[in-house]
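Following the hints, complete the assembly by docking chain C onto the known chain E.
Residues per chain are reported as follows:
Number of protein chains: 2
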Amino acid sequence: MQSFGQIILASESPRRQELLRQIGLDFAVKISGIDEDIPIDLPPNQLAEHFAREKAHTVAVDYPKQLVIGADTIVVFDGQILGKPKDNEHSYQMLSTLSGNTHQVITGVALQLRDKNLDETFHAVTKVTFNTLSDSDIYYYIDTYNPFDKAGSYGIQDWFAVFVKHIDGCFYNVMGLPLAKLWEHINKLR
Amino acid sequence: MQSFGQIILASESPRRQELLRQIGLDFAVKISGIDEDIPIDLPPNQLAEHFAREKAHTVAVDYPKQLVIGADTIVVFDGQILGKPKDNEHSYQMLSTLSGNTHQVITGVALQLRDKNLDETFHAVTKVTFNTLSDSDIYYYIDTYNPFDKAGSYGIQDWFAVFVKHIDGCFYNVMGLPLAKLWEHINKLR
Numbered sequence: 001m002q003s004f005g006q007i008i009l010a011s012e013s014p015r016r017q018e019l020l021r022q023i024g025l026d027f028a029v030k031i032s033g034i035d036e037d038i039p040i041d042l043p044p045n046q047l048a049e050h051f052a053r054e055k056a057h058t059v060a061v062d063y064p065k066q067l068v069i070g071a072d073t074i075v076v077f078d079g080q081i082l083g084k085p086k087d088n089e090h091s092y093q094m095l096s097t098l099s100g101n102t103h104q105v106i107t108g109v110a111l112q113l114r115d116k117n118l119d120e121t122f123h124a125v126t127k128v129t130f131n132t133l134s135d136s137d138i139y140y141y142i143d144t145y146n147p148f149d150k151a152g153s154y155g156i157q158d159w160f161a162v163f164v165k166h167i168d169g170c171f172y173n174v175m176g177l178p179l180a181k182l183w184e185h186i187n188k189l190r
Numbered sequence: 001m002q003s004f005g006q007i008i009l010a011s012e013s014p015r016r017q018e019l020l021r022q023i024g025l026d027f028a029v030k031i032s033g034i035d036e037d038i039p040i041d042l043p044p045n046q047l048a049e050h051f052a053r054e055k056a057h058t059v060a061v062d063y064p065k066q067l068v069i070g071a072d073t074i075v076v077f078d079g080q081i082l083g084k085p086k087d088n089e090h091s092y093q094m095l096s097t098l099s100g101n102t103h104q105v106i107t108g109v110a111l112q113l114r115d116k117n118l119d120e121t122f123h124a125v126t127k128v129t130f131n132t133l134s135d136s137d138i139y140y141y142i143d144t145y146n147p148f149d150k151a152g153s154y155g156i157q158d159w160f161a162v163f164v165k166h167i168d169g170c171f172y173n174v175m176g177l178p179l180a181k182l183w184e185h186i187n188k189l190r
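Sequences listed follow chains E and C, in order.
Every letter in the first sequence is one number past the one before it in our numbering, and letter 187, counting from 1, is 187.
Every letter in the second sequence is one number past the one before it in our numbering, and letter 13, counting from 1, is 13.
Rather than coming from a laboratory, the hints here were simulated on the basis of the structure.
Beta carbons are placed, not taken as given, at the ideal position from N, Cα and C, and that holds for glycine.
Some hints could be false.
[Unchecked claim] EDC-like, lysine to aspartate or glutamate: derived pairs with alpha carbons at most 16 Å apart:
#1 E:LYS65 x E:ASP137
#2 C:LYS165 x E:GLU184
#3 C:LYS84 x C:ASP35
#4 C:LYS84 x C:GLU12
#5 E:LYS165 x C:GLU184
#6 E:LYS30 x E:ASP62
#7 E:LYS127 x E:GLU184
#8 C:LYS127 x C:ASP78
#9 C:LYS86 x C:ASP143
#10 E:LYS165 x C:ASP168
#11 C:LYS165 x E:ASP168
#12 C:LYS30 x C:GLU12
#13 E:LYS127 x C:ASP78
#14 E:LYS188 x C:ASP137
#15 C:LYS188 x E:ASP78
#16 C:LYS127 x C:ASP168
#17 C:LYS86 x C:GLU120
#18 C:LYS86 x C:ASP149
#19 C:LYS127 x E:ASP115
#20 C:LYS65 x C:GLU12
#21 C:LYS181 x C:GLU120
#22 E:LYS84 x E:GLU12
#23 C:LYS188 x C:GLU120
[Said to hold, decoys possible] Residues from chain C that keep clear of chain E, each with C-beta distances beyond 12 Å, as calculated:
#24 PRO14
#25 GLY33
#26 GLU54
#27 HIS90
#28 SER96
#29 ASN131
#30 PRO178
#31 ASN187
So that you can see chain E by itself, here it is in the shape it has in the complex:
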């Protein structure tokens, strides 16, 4: 018997919901509504964990008996943090910057269960290498897939997969949740 109630996912990302279904977890979704645009001067790993913790915390205060999962994914290239693109131009800039190069995807994850004083945070890093993208590839992708809800402006699980030459780390981390690490943490709580 697990010692926590139904899991709450504090994220509106449809990819994260799909991933939790893939690994058979029963969960509800509650959206934290925190503003990720506030610039905070932290190293990338800590920044991803910070936003994950903020998202989990906002929801956990209302559901103290349930295990709340918060997560935040960022893309880092050449020391620069890429979040979600604001518009077509921003999306083009991100994808042309990442073209032909290797970047890091970092997902921070927070687990909170307030009635048991559980408050854990961790992150995973995956290196992703793109083939060279032509301008027409980039424009086609932006127009067809509208990747404005995705850090780095691409979805590794959609058509964009054709440009992903290599990954080094957890694939699902790039989609939004490092499944193997998450599973280890959740199993310890059962």
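Positioned in the frame of chain E, the structure of chain C alone reads:
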């Protein structure tokens, strides 16, 4: 305009069909019916390419004006080739062998278009590292997911994802088609 007719996928794998849909290719499925159990003394890379070519060839002779894709995926651990498990016991042996270790997944791909004398073969290798699996994890997985149609006896895209600690290479290669390499080859033919 592409210079080949509708693509034919010479594979009954539902994962390969899903992957071609993901990257927006229009295709039909024709099953080659070749016997993969015939032992052939070839190095793993060549073995995967051999079976891919056999599958493509069997279908291509009947559809000479269409681009036919054949593919074959094998798992290699410690010099030993693991194909599809024959039964529960064989599946248990494979998964307990792979537990806590790193193995290689090799997918051979063949492209044939007989009327244009097109006959290309290539392969991709991805290293996959598993966390340690308990016997109960293995039995639960076999009983629930019946992984008998999968080389190495696991599907990286199902619940088993929770045990995949790390991959190094193309993720989709593990599912059955190295999408980025395949895309490069197909684009050269358009």
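Quick rundown of the hints versus the structure:
1. E:LYS65 x E:ASP137: The hint is violated at about 48 Å.
2. C:LYS165 x E:GLU184: Between C:LYS165 and E:GLU184 the Cα gap is close to 10 Å, so the pair holds against 16 Å.
3. C:LYS84 x C:ASP35: 12 Å, holds
4. C:LYS84 x C:GLU12: Given pair C:LYS84, C:GLU12 holds - Cα atoms ~14 Å apart, limit 16 Å.
5. E:LYS165 x C:GLU184: 10 Å, holds
6. E:LYS30 x E:ASP62: 10 Å, holds
7. E:LYS127 x E:GLU184: Violated - the C-alpha atoms of E:GLU184 and E:LYS127 are around 21 Å apart, more than 16 Å.
8. C:LYS127 x C:ASP78: 12 Å, holds
9. C:LYS86 x C:ASP143: 14 Å, holds
10. E:LYS165 x C:ASP168: Holds, at roughly 11 Å.
11. C:LYS165 x E:ASP168: Distance of about 11 Å is within 16 Å: holds.
12. C:LYS30 x C:GLU12: 8 Å, holds
13. E:LYS127 x C:ASP78: Not OK: E:LYS127 and C:ASP78 at ~26 Å, beyond 16 Å, violated.
14. E:LYS188 x C:ASP137: 15 Å, holds
15. C:LYS188 x E:ASP78: 32 Å, violated
16. C:LYS127 x C:ASP168: 5 Å, holds
17. C:LYS86 x C:GLU120: Given that 16 Å is the threshold and the Cα spacing comes to 31 Å, the pair is violated.
18. C:LYS86 x C:ASP149: Satisfied, since the Cα-Cα distance of roughly 9 Å is no more than 16 Å.
19. C:LYS127 x E:ASP115: Distance ~42 Å between C:LYS127 and E:ASP115 Cα, so the pair is violated.
20. C:LYS65 x C:GLU12: Between C:LYS65 and C:GLU12 the Cα gap is close to 21 Å, so the pair fails against 16 Å, i.e. violated.
21. C:LYS181 x C:GLU120: 12 Å, holds
22. E:LYS84 x E:GLU12: 14 Å, holds
23. C:LYS188 x C:GLU120: Holds, because 12 Å separates the two Cα atoms, which is no more than 16 Å.
24. PRO14: 16 Å, holds
25. GLY33: 29 Å, holds
26. GLU54: 26 Å, holds
27. HIS90: It holds; C:HIS90 is separated from chain E by about 25 Å at its closest Cβ, greater than 12 Å.
28. SER96: 18 Å, holds
29. ASN131: 6 Å, violated
30. PRO178: Per Cβ check, C:PRO178 is inside 12 Å of chain E; nearest 10 Å; violated.
31. ASN187: It is violated; C:ASN187 is separated from chain E by about 9 Å at its closest Cβ, not greater than 12 Å.
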